[in-house]
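Using full-length UniProt numbering, read the sequence shown as starting at 1 and increasing by one per residue.
Everything labelled a hint here was simulated from the structure, so no lab data went into it. Backbone N, C-alpha and C fix where the C-beta goes; we use that ideal spot for every residue, glycine too. Possibly wrong hints are sitting among the right ones.
[As the list claims (entries may be wrong)] Straight-line alpha carbon distances no greater than 25 Å define the calculated SDA-like cross-link-like pairs of lysine to any residue that follow:
1. K3 x N18
2. K3 x I91
3. K44 x N65
4. K121 x T24
5. K3 x V81
6. K71 x I34
7. K121 x N9
8. K44 x L58
9. K55 x P45
10. K3 x Y19
11. K3 x R23
12. K3 x L21
13. K55 x M1
14. K69 x D80
15. K69 x V36
16. K71 x I41
17. K44 x V28
18. K3 x K15
19. K55 x N30
20. K121 x S22
21. K3 x D85
22. K15 x D85
23. K69 x L58
24. K15 x I27
25. K44 x K55
26. K44 x V81
27. K71 x R40
28. K121 x G7
29. K15 x E29
30. K3 x S115
[Stated by the list, open to error] The calculated label-pair distances, taken between Cβ atoms and stated as ranges, are:
31. L21 x Q43: 25 to 33 Å
32. P114 x N90: 24 to 32 Å
33. R68 x L21: 20 to 28 Å
34. R23 x V119: 19 to 27 Å
35. V16 x N90: 12 to 20 Å
36. A62 x T124: 28 to 36 Å
37. N18 x A88: 18 to 26 Å
38. T98 x A62: 23 to 31 Å
39. T98 x Q120: 37 to 45 Å
40. H113 x Y75: 39 to 47 Å
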Amino acid sequence: MMKPYPGDNLTLVQKVFNYRLSRTRRIVENAFGILVSRFRIFQKPIATDVNTVDKIVLAACALHNWLRKEKRNNYITHCDVDREDTEARNIIHGTWRTETTGLENLCRQGSNHPSISAVQKRETI
Numbered sequence: 001m002m003k004p005y006p007g008d009n010l011t012l013v014q015k016v017f018n019y020r021l022s023r024t025r026r027i028v029e030n031a032f033g034i035l036v037s038r039f040r041i042f043q044k045p046i047a048t049d050v051n052t053v054d055k056i057v058l059a060a061c062a063l064h065n066w067l068r069k070e071k072r073n074n075y076i077t078h079c080d081v082d083r084e085d086t087e088a089r090n091i092i093h094g095t096w097r098t099e100t101t102g103l104e105n106l107c108r109q110g111s112n113h114p115s116i117s118a119v120q121k122r123e124t125i
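Let the hints inform the model, and build the full structure from the sequences given.
Structure representation (C-alpha cells):
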C-alpha cells in the first residue's frame, strides 16, 4: 500500500505526490463505496472462490456502468459521490457514505513504517 510522505517540511514534489495519492484514495473509496451501496452482495464477505468473486465484481462494474449510461438522471447524482470544494479546500462527502455500512475500516496490517521497497517504489512514481 502506498503511503504519503510524513511531516510538514515537504518539498513541492512531495506535496504534489501526497495530494495525488490522497485524491486517488478518495476515487477508489468512492468506487467501492458506490458498489457496496448499490449492490447488496458486497455488504458482507462473499463465500466463494476467488475466480467467482472476480466475475461478480466485473459484472457489478459492468452493470453499474450500464446504469450510469442508461439511467443517467435516476441512478446516481453528483451528490452521491465525494467531491472537492477547491475554494474552501475541503472534501464534501457523498451520500453513499450514509446509505450503507458495507465497508469496514481495516485494522493496521503491520508497522506504520513503509518497507525500503515501498519507499523506492514511491520515489519512482
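**Asked** Looking back at the hints listed earlier, which ones does the structure fail to meet?
**Response** Violated hints: none at all, because every hint is consistent with the structure.
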